[in-house]
Amino acid sequence: MPEIHFLHLFQGIATMVASDPLIAAARILLIALGISFVYLGAKGTLEPLIMIPMGIGMASVNAGVLYLSTKTMGTIFIDPIASGPEKLVDVLQINFLQPIYTFTFSNGLIACLVFMGIGAISDIGYMLIAPVRCMIIAIMAELGTVLTFPLAVGLGLNYKEAAAIAMVGSADAPMVLYASLLLARDLFVPITIVAYLYLSLTYAGYPYLIRLMIPKHLRGIKMDQKTIPNVSPAEKITFSIITGTVLCLLFPVAAPLFMSFFVGVIVREAGVKQYVDFLGGTVLYGSTFFLGLMLGVLFEANTILNPKVILLLFLGMTALLLSGIGGIIGGYIVYWISGRTFNPVIGIAGVSCVPTTAKVAQKEAHAANKFAMILPWAMGACVSGVISSAIIAGIYVTLLQVPSP
Amino acid sequence: MESFEGAVKLMLFIYALAAAISLITAWMIKYIFVVIRMQKSRAEARKSATANAPTQRGAASKGTA
Chain A
71 MPEIHFLHLF QGIATMVASD PLIAAARILL IALGISFVYL GAKGTLEPLI
121 MIPMGIGMAS VNAGVLYLST KTMGTIFIDP IASGPEKLVD VLQINFLQPI
171 YTFTFSNGLI ACLVFMGIGA ISDIGYMLIA PVRCMIIAIM AELGTVLTFP
221 LAVGLGLNYK EAAAIAMVGS ADAPMVLYAS LLLARDLFVP ITIVAYLYLS
271 LTYAGYPYLI RLMIPKHLRG IKMDQKTIPN VSPAEKITFS IITGTVLCLL
321 FPVAAPLFMS FFVGVIVREA GVKQYVDFLG GTVLYGSTFF LGLMLGVLFE
371 ANTILNPKVI LLLFLGMTAL LLSGIGGIIG GYIVYWISGR TFNPVIGIAG
421 VSCVPTTAKV AQKEAHAANK FAMILPWAMG ACVSGVISSA IIAGIYVTLL
471 QVPSP
Chain B
984 MESFEGAVKL MLFIYALAAA ISLITAWMIK YIFVVIRMQK SRAEARKSAT
1034 ANAPTQRGAA SKGTA
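From first to last, the protein sequence lines are chains A and B. Numbering of the first sequence is given in the numbering used here, commencing with residue 71 and proceeding in unit increments. Numbering of the second sequence is given in the numbering used here, commencing with residue 984 and proceeding in unit increments.
With the rest of the complex left out, here is chain B (with noise of 0.2 angstroms):
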């Protein structure tokens, strides 16, 4: 049965859910986010230290010698 006090209920219960769905989708969209920030962060630290090990070494060898 179509009812106003039933439209009111249901309204509530689709906002309710519409809120949680959106927020959540926002929540997945920040972490995704995080998350290839942090894995581009720890492969540009990797490569500069990839970079630098060379020259570290080649220091410690030219120390040692």
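Just chain A, with the same shape it has in the complex (with noise of 0.2 angstroms):
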């Protein structure tokens, strides 16, 4: 019998020993971490969609790191790091989730096909019910896509890795990850994580933000069933192509997403429902889950080393802070033009995150007065953050990556 050394057998053990011991800690936070956002995300606390395949990926590929040769530490997991066809192919056989994220996250697909879910699953019909109020909100609530920029780049960062965390402001997770990988790869983890964990907790940390700046009686706010128009679903298409195409010319960098989110209305107003239930159930739900894995699978402890991640967690937590209260400054804004008419509490949806802020909305207004119906309006300001969000976006991305001709 050969001689059996306990460390040889357990290597998650033996590489937490024979590791840096700043490593090694890492390692132990994140696992613990990791299972906490289990945890959080079986409650409810946090969105479980995300938060349970996240958390199973960064407790497994902490624990699980072992010797790939006698020196080398690492999973078998995945590699992000793979370049060049020789070494992309090795891995691509021996890392589980690699064939994942090399033909879905590297290139953005699995953002494009979360957006055709959305599309999917979103009526932009309320949007046509007050276009111009709708977009106004959403442009003010895009004050922290903007004004993160400029303080990031004043805390160290430069303008592409600036540009990729201010984009949190948007509070559309997809978004943040497309356009992380164009400006800032080597921070796209961190990045999209801070985007979804931040993203995840909108839902309790939003209520406080609107009691604190809209008092109760202008939260009852009742707003008028009657000006909602019936749009016909012909209407939408019309609307969804030559917008959509209009965007496509003027942003193709941003294209993909554009035509992924219209897709998706497309499908669903042209009423195939063989296309809708695929896009809005299985791509959508098997996407999230997978950029969930994924998301947790990346977040090693070299990661979390990372002396720009804790820089990255402020100026995400900044971001959609100041984009709620440019968000509610909108919703104020379309309260005097409208004559006071306008519940200003919707102005929040305008920060996007579909559908939650729209709820998270309706159901403030509703707690303060249990007749007031706003969810039409604040769902249309949430498709008008969508918009704005991409086309904030594309500049971001058009000015800083793609080379002028």
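These aren't lab readings, by the way, just hints derived from the structure by calculation. The C-beta atom is built at its ideal place from N, Cα and C for all residues, glycine as well. Heads up, a few of these hints could be off.
Claimed, not checked - Here are the simulated lysine-lysine pairs, DSSO-like style, with alpha carbons at most 27 angstroms apart:
| hint | chain 1 | residue 1 | chain 2 | residue 2 |
| --- | --- | --- | --- | --- |
| 1 | A | LYS429 | B | LYS1013 |
| 2 | A | LYS378 | B | LYS1030 |
| 3 | B | LYS1013 | B | LYS992 |
To be verified - Partner residues aside, some chain A positions facing chain B, computed with beta carbon under 10 angstroms:
| hint | residue |
| --- | --- |
| 4 | VAL301 |
| 5 | PHE309 |
| 6 | TYR466 |
Using the hints, put the two standalone chains together into the complex.
Below, the structure written as structure tokens:
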């Protein structure tokens, strides 16, 4: 019988003992963090759709470190820095999540798939209730997306990194993923994790912001339901095809996102039930599951030891907070424009994050006045937020990434 | 050269451009919607006019007789 060494048998523990104490501590911290994400996700405190796969991914990847050779440590989950055809073919055959990362993550496909699903479950008709007012709110709700940019530069990030973290203010996680992949590939994992982490907290945090900024009598303003027009599917398709084409024409770099969103909308409005079920169900939830899992698996100890992560955590929170404040200011602007008939709580829905912020707005209005029904307007502001976020992402990427002719 | 002042200027430009494009998009949506609505109501008016026309003609011919 060969001599058996305890540490050779249990390599997860052996690599922890053998590695730098800081790395070992970070691994233990991330395992604990992953477990707490799963717990909080299952409990409903954090968004379970993302947090459960992300948490199990984080715990597993940080526990499952082994010796790949006598001197090299690593995992058989994924190798995000593998490059060159030969190396890539090797890791594709070894790391079990590598095919998903290489073929859907590093090229932004997964963000587009999520966008197709969001399009398939979004009723664009709500935006047609009051497009200009919804867009004023959406633009104001981009305050965090723009103000965080110079702040991040002031704190030492370069323009591309600053723009990537500022996109967290758009509250649209697939958009953050897409923009950070194009602008700051080295930081896309922490930035996307920060985005998903904070977005799952918006449901808990934004109600306090609403209560802080809007008095109860304004939160309970009833909206006139008679002003909601009956929008036919043909009208929605016309709107989608024209808007999608114009936006692709203006920002070719964000064209995959625009196309993905509007193809979802058009399929829904065309009534192709098979595609709607496929995009809004299998594609959306399948992509969200793998997105969460991949982000968790990519969150290794080395990622957290990057000194920029603390800065990203601060900037991400600032971006979302400023966007929330901006959205509510937008709500107030429309409240004044409309002759004080518009419920300013709708402003928070301009932050996007479909449909969470719209639900938050409705919940807060209902808590102030049980007859206040603002959901259709809030959904309109939410959809406008998606469009304005995509426009800002397009501008950032075009200005900072795309070479001039 | 990447500087804070440069970032502030860039931010102002980006925000102004995004606001302009977003609002143009919103106006475009609004007018597409208005045009579709107008065409719809015109078509309905034409339809009802066509539907009423034979009755009026019939009444007129009766009157003449």
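Exercise for review: Go through the numbered hints given earlier and state which of them the structure violates, listing their numbers in rising order.
Suggested key: Of the numbered hints given earlier, those the structure breaks are 2 and 3, listed in rising order.
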